[in-house]
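Student: Taking the hints into account, I'd like the entire structure generated from these sequences.
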Amino acid sequence: MATASQHRIKKRVLKTAHFIGLFLAMALICVPGLWVVLNSFRPTIEIMAKPPVWIPQDLNLDHYRAMFGGAGEGGVPVLTYFRNSLIVSITSTVIALLVGMAGGYAFARYNFKAKGVLFVALMASRAVPGVALSLPLFIIFARTGIIDTHFGLILVYVAMNVPFTIWLIDGFFRQVPKELAEAAEIDGCTRWQAFWRVEFPVARAGIASAGIFAFLTSWNEYALASQLTRSTTSKTMPVGLLDFTSQFTLNWGGMCALAVLMIIPALVLTFLVQKHLIAGLTFGGVKG
Amino acid sequence: MSTRKFPPWLLLLLPAFIIILAVVAIPLIFSLYSSFTPYHLTRPETLWKWTGSFNYIKAATDVNFWKAFGRTVLLLTVALNLEMLLGLGLALMVSKVTHGQRALRTAMMFPMMFSPILVGFQFKFIFNDNVGLVNNALQSLGLTDVAIPWLVDANLAMFAIIFAEVWTSTSVFAILILAGLFALPQDPLEAAKVDGCTPWQSFRFVTLPFLMPFIYIAMAIRSLDVARAYDIVQVMTNGGPARRTELLWTLIGRTGYVDARMGYANAMGYIAILMSIGFTVYFFLKLQSARRELGMGG
Amino acid sequence: MKGRVASSVLALAAGLGFATAALADGEFAGVTIEAKLIGGQQYEALYARIADWEKATGAKVNIISQKNHFELDKEYKADIAAGTTNWCVGSNHSSFAPQYPALFTDLTALIPAESIAGFVPANITAATIDGKLTMLPRAQFDVSALYYQKSLYTDPAKAEAFKAKFGYDLAVPETWDQFRDQAMFFAAPPNMYGTQYAGKDEAINGRFYELVVANGGKMFNDDFTPAFNSPAGKEALQWFVDLYKAGAVPPGTTNYLWDDLGNGFASGTIALNLDWPGWSGFFNDPAASKVSGNVGVAPAPKGSAGVRTGWSGFHGFSVTEGCATKEAAASLVDFLTNEDSQKLESAAGPLPSRTAVWEYVLEQAKGDAYKSEVLAAFQETAKTAFPVPPTPYWIEAGNLIFPELQAAILGDKTVDQALEDASAAVDDLMKENGVY
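One line per chain: the protein sequences are P, E and Y, in this order. Residues 1 to 288 (the numbering used here) make up the first sequence, in order. Residues 289 to 586 (the numbering used here) make up the second sequence, in order. Residues 587 to 1022 (the numbering used here) make up the third sequence, in order.
Take these hints with a grain of salt, some might be off.
Straight-line alpha carbon distances no greater than 30 Å define the calculated DSS-like cross-link-like pairs of lysine-lysine that follow [to be verified]:
{"no.": "1", "chain 1": "Y", "residue 1": "LYS751", "chain 2": "Y", "residue 2": "LYS646"}
{"no.": "2", "chain 1": "Y", "residue 1": "LYS1017", "chain 2": "E", "residue 2": "LYS355"}
{"no.": "3", "chain 1": "P", "residue 1": "LYS10", "chain 2": "E", "residue 2": "LYS384"}
{"no.": "4", "chain 1": "Y", "residue 1": "LYS641", "chain 2": "Y", "residue 2": "LYS744"}
If you are wondering where the hints come from, they were derived from the structure by calculation, not from laboratory data.
Tutor: What follows is the structure in structure tokens.
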């Protein structure tokens, strides 16, 4: 009996510890982020107050109103930036997935010389810091006239995302037994049809998870975008954040308002696909 | 038919290789060439002057460069390991939750929605010594009555940067490890229980080995992405004060663009690239051996 | 306004020996001017006027880049490297301009002399590099004056305590030594600091530079050998060190940039603040600042040589050497910096760079005590203001100097050691670039 109640106490302690630990961890994760969201609704005087104002006295939409206002009233072409971000991120994600599927399929289904080296070389290309690329890219883009275009940025993001996409998708295709695809081919399907009917459905979760990583990378990228975009024709939202800075001032409240507009779509998308994300990652890279 | 000349695998890989060639390889060749010249951005003619290994020798004999190099390796090592441990802990806690896990998982990924440049500004304000969130909280709670110079003190500044970096990236580890936990086969765990293993033993000898490949994947992905920390550091401290938080990336970025000495910056950049590739290859080898141990092939 | 454009176009045409064709409106019909203009809320109100210029001349302006200052600087350098410099009009800044000697063309021949004569002469001098007038200043002239909390000087208890301690009357400081005494006196951390300074990047460098000059020294000799490792330089650096050591500045001050300063003073925790004119409205705005209604403004204090600090800079517009339609581009630059443009821009607070607009702004401010005080203080400071040393290596040298200054402030190095190291590094830089 004593052991049973001891056991129960131990269990309860563990449960409480688990709850407290989880609560603290979630607080650490969410508070710095929610603080940004909160600041977007607070007047600057309250954000910067000393002594601090802990309970918000004055929540309003002023920063948002100013942001959507005209030039000179604190307006920033948010909608244009939003559109640019959306076009660039979605297109580059889709292309990266297509290219990644082709590449992943090649690595999973064919044997060829130097496969391992090629694979690592592909991955290593992602490890090159943007600082080393930005100037040569600028020169090439400026000379070929694709600077400050959606196309240029999309090209760069595809290259950034392809290695990881190939890697994840490769793992999925390997899960599908080769015999299954071959059987389909014997049944009269072309290789192409066999791919879409047999192999693609299995890899769908992996593609979804590769997609979300690619999307978030493109959506949030700043260093290269700040070099390769110039005007409202292609500036994305992370670059747009810098519109709230001038030589001497920084409008932190306004920046937070734009940040919230950046976070919401990413958050919604993640919430929608995160089930696939987990499933995708589960089988993806490991069994490669 | 072109397929006769090209094997199908090459055809399938061609788009990937063309894009990477155009966006990564060609620029890298240019960078490599310019690292042997005194290339100065505002004087384009300097690109045609060959100075051999001058820039490399200059970098290799510069104390500040090696200090930045050491600090970068330190940051990578500490940040990656911390992220891994915290991510593991977080994933274990989240996996035990039965209700509302979907919302919890989304919340867990919250920091991934933040652009690194935004994270830089965010933590610059959070760690501001005068009106920042952290000092305000500490002072209001009566824990301290001095303003702690988070972004200035030699140790605290690195801590603040690592904190920001860990905050953004722990999610990546947590989500990948969580995926591993979901895939964890239940049989060996049951068997371990029957054999009388303590929870710690079954974690140490059953769960952890199974998770290792996931951990190495996360490490490899993160080591590919760490240069993103440049945005964060650049906004938070820009390597200062007094070079206390100078990293390779801030040093290279400033030399290349502000000083316009691109040749010298590229020479330093090449040393940095070798380091990044070293990290990545290391984790790949680890990943492969972990896979082999689990009998997953490679 | 249209008349003004027409007359300047006329003058321009006459200056170039053009015939009567230039008289008509729509002179530049069919021309498209590609422009790279500084972005950011403070700067963009002016661009609304571009439509008027387009209407008057028939030309079209295509803004191909709109970035903040530091990003624009990077872009210009990358443009020079890529050889893509055939766009026409670009925003420029006096502190950055010496870096790109070949990018921008000499405006002297393109702008009517009477238009140039309307600018504050010192600004035109500063905009002239190697004998070339590289830009026309817009109404964004910057020099720092002293902001302070007025209530600190009306408290008899404070005045008495100060006199007892320092032996002279407490009054708004006129020298940097008095400033230091008072900053130490007012400090009561962590909720009140005597002052603060921008200790990061080029900011600390600029502050050091102006104090060196105010103490009778200089940054470079005439042949651009470093000259700041001098008694005046040491005295200047010691000033920063003293304030930091005494805890009179926030401990994070070496990581502050201008925005931190502005927010700090507005939070009411800083007694004395040397800062830019752009903040004057913000500081006195009850919705943004806790010290609104309590802000005093005085000219910048003087150094030990009796010289006021006055590190100054201004924004302007330049025309590239590679521009195919320089006349049209120059006409746009002239338009964006003419009296009407400057009146519009300075209405929001920034300081003008035209003599007539200074008078206009002072006239307008009559009846507004705060604004008059601001303008008087900045006008006085502007009289003796000076730009950065005219060398293309100013920014590079600064990147070598500022970490050493920070090291001295934080106590990693002694003042002597820091200046010696900085001086040696700058010397190497100059030699490597063949300056001497």
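Student: Which numbered hints does this structure break?
Tutor: 1, 4
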